[in-house]
Structures are given as structure tokens and as C-alpha cells.
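Could you build all of it, start to finish, from the sequences and the hints given here?
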Amino acid sequence: MSGSEPAFRVRAATPADAASLAAMIRGLARYEGKARVEHITAEAVADWAFGPEPAFHALLAEAASEPLGYLAWYPIFSPFKGARVMLVENLWVEPPGRGRGVGRALLQGLAQEAGCRGIARIELNVRSDSAEAQRFYAGLGFVRPGEEVRRIEDAALERLARGETVGRAGVTA
Amino acid sequence: MSGCTLRLAEERDAPTILRLVRELAAYEELLHAVQATEADIRRDGFGPQRRFECLLAELPESEGGEAVGFALFFHNYSTFRGRPGLYLEDYFVAPPARGRGIGRALMARLAAIALERGCSRLDLAVLDWNPTRELYRHLGFEHQQAWLPYRLEGEGLKRLAEGG
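Note that the protein sequences, when read in sequence, are chains A and B.
Just so we're aligned, residue 1 is where the first sequence starts under this note's numbering, counting upward by one.
Just so we're aligned, residue 1001 is where the second sequence starts under this note's numbering, counting upward by one.
Each hint should be verified, as a subset may be incorrect.
Claimed, not checked - Okay, the calculated beta carbon distance ranges per label pair:
no., chain 1, residue 1, chain 2, residue 2, range
1, A, Glu-43, B, Tyr-1027, 43 to 49 Å
2, B, Gly-1065, A, Ala-23, 52 to 58 Å
3, A, Arg-98, B, Gln-1145, 22 to 28 Å
4, B, Arg-1019, A, Arg-11, 17 to 23 Å
5, B, Glu-1134, A, Thr-14, 42 to 48 Å
6, A, Tyr-31, B, Gly-1065, 48 to 54 Å
7, B, Gly-1065, A, Ala-155, 35 to 41 Å
8, A, Ala-44, B, Pro-1048, 24 to 30 Å
Said to hold, decoys possible - So, partial list: chain B residues that the calculated Cβ filter (under 10 Å) puts toward chain A:
no., residue
9, Leu-1008
10, Ala-1039
11, Asp-1090
12, Ala-1094
13, Met-1107
14, Asp-1123
15, Asp-1128
These are computed hints drawn from the structure, not numbers from a lab.
Beta carbons: idealized from backbone N, C-alpha and C, even for Gly.
See the structure below:
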């Protein structure tokens, strides 16, 4: 970025932002190929992010009152560090906001919030098919801890809860 | 089955949790990275703002009743689904206790907890050399090859906050 002031600002999202936040979450979900996005409504986001027990926190980037992007995060815990960690669930910049340093500014805002909260680590997952995204995060100082992400969901999770397994027959844990 | 008892940890288990965390770290050759203290475990596991929960697997009384395995977890959140998930942060069975189904029992209980709480997914990250990856595959976990974990901490985090 140049030394001039960016033409946008980053701030914590408030309940008044539920509709624009919902629209941006839908935008990211569509971009990632999710078929079903209509349940991501302003009312739902108000409940998820601004209810009595918020499931996540959000930072917004906006120019005048036009939303340019958002970052959704929540605190997790590292038993090795014995400390809380911030997990970035979503980082999204609307097409008009791209190339203006919005993503970087959102992460900078989060890093500042980490400092305020006494949190010393941010974690996130980056698309493995995007060299550009990997360069972006590496350029900000992010490193790869040599881990792989595993997930079990829906019917497979129900099978696991019932004690069933997949894979080779006869293998025991 | 394993004959072990599974239960959710309570505050009095903080020293046990820290012991198991250290055993896991030693297995991962990361013992030097453990900074957590018993006070950290008490504050973040059992204080007013709970950051994690923990399942303990204990040997039968006839074998001494010692805790030999644990699964430490917390909730994450899917903004796309609009549902919480469970994230398994630490998962470990002490080597002498392996081969009797304790790890599988811990995982099945965790899956049941996830479903009871309306969570539709269970996530974890595993070191890329860890042989436990085979167990995860066997239990039905899928490798999310589209995603690479990254982290930022220490000086890098300070630099970003300062805009450097």
C-alpha cells in the first residue's frame, strides 16, 4: 500500500450490520460453490453473531457505508500454549474492494484486536489450489505448521457415533 | 471393548489433563512447546469463560483407574451452515494402553456429543507425519485436501498489528 490513507475503514460489526454481513457470507459461500445459501439471512446472522452467546465475531471493511469485505473469527484454545487462539473462519472481499488492501486491513484489524485481548496466535486455513492466497498469507508472516485438515460430517458422523467404521475390514483401532 | 470408563473432565482433573497434554506433546516431539500450566487449564477449562472441554478415558479400578487417554475439544462454527461444529484439538492414548479400542471409544463418544448438540461436523488437524492419520481415515474422516492450515504468532503478529 502507498503512504496515503486507504479509502475505507475497518470496524467491529454491530447488529445493524446483520443484513450486509449475511449478503457477504452468501457471496463467499457461492464463490466456494455451496449450493444452498438461502438460510443465511439477516435474521439468522443476527442470531449467530449478536445473540446472547455469539458463535463468532466479525470485522467489517467499508467505504462510506458500502461494505467491502468481512472477517469472521472466534476464540479457540491451545493446550500446548495454555492460551486462547483466534481462528479465522472466513475472510472475504467483495469484487469492488479487491486490489485495495482490504484483506490485509481486515487481518491487521484482527491482529490489533488480538493484542487488546492478550491473544498471541491467529490460525486459518488457506485454499490449497490458490497460489495467490498462499503468497498473500506468507507475505503477512503466516507460516504452515505442517498439519493436514480432517473432517467427518453428516451421515459419516452418525456412523461414527454408533461405533461403526469404514475402510478395510478387520482393522482395529 | 476397552473396559475403560469415559467421562467429561472436572476441575479436579486439571493436573491429569496437563499430564496427558505433556505426554501427547512428547509423542509429537513438541514437549518444548508446552507452556501451559495447571492454572491455565483451570482458568480456560473450568473458569467462568470455558474455552475447552475434555473427555477422559480411565482404566478400570482393577487396573488402577489411571487416566490413559483424552480428547480435548471445543466448538467451532460454520457460517455457511449456520451451525456449530466440534473441533478436536488434542487426542491421545498412552502407548501401553493402545490396541484395546480406547481411541475409537473416545471418538465415538465425541461424535455422539456432537450430534446431541446439533453439530453436523467434527474437524481436526493432524501432523503430516502422524500415523494416526490411518485411524482417522478408518473412522470415516476425510482429508480436506483443498485446505492448508496457516498460523501467525509472535513477532509476525505484532508486525501485522503495527501495519509493518
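Structure-based check of each hint:
One distance hint, 43 to 49 Å for the beta-carbon pair Glu-43/A and Tyr-1027/B, holds here, with the actual separation near 46 Å. Between Gly-1065/B and Ala-23/A the C-beta distance comes to about 55 Å, which sits within the given range of 52 to 58 Å. Between Arg-98/A and Gln-1145/B the CB atoms are about 26 Å apart, so this pair conforms to the stated range of 22 to 28 Å. At about 44 Å, the beta-carbon gap between Arg-1019/B and Arg-11/A misses the expected band of 17 to 23 Å.
Checked against the hint of 42 to 48 Å, the C-beta distance between Glu-1134/B and Thr-14/A comes to roughly 47 Å, which is consistent with it. Take Tyr-31/A and Gly-1065/B: their Cβ atoms lie about 52 Å apart, and the range 48 to 54 Å holds. For Gly-1065/B paired with Ala-155/A, a C-beta distance near 36 Å keeps the hint of 35 to 41 Å intact. At roughly 28 Å, the beta carbons of Ala-44/A and Pro-1048/B sit within the given window of 24 to 30 Å.
Because the beta carbon of Leu-1008/B sits about 16 Å from the nearest beta carbon in chain A, more than 10 Å, this interface hint is broken. Annotation: Ala-1039/B was flagged as interfacial toward chain A, and the flag holds, the nearest CB pair being 8 Å apart, inside 10 Å. With a cut of 10 Å, the hint placing Asp-1090/B at the interface with chain A holds, because the nearest CB-to-CB distance is about 5 Å. The interface hint given for Ala-1094/B is violated, since its Cβ lies 14 Å from the closest Cβ of chain A, which is over the 10 Å cut-off.
Because the closest C-beta pair between Met-1107/B and chain A is about 6 Å apart, less than 10 Å, the hint holds. For the restraint placing Asp-1123/B at the interface with chain A, the shortest Cβ-Cβ distance is roughly 5 Å, inside the 10 Å limit, so the hint holds. Given hint, Asp-1128/B at the interface with chain A, holds; its Cβ is 5 Å from that chain's nearest Cβ, closer than 10 Å.
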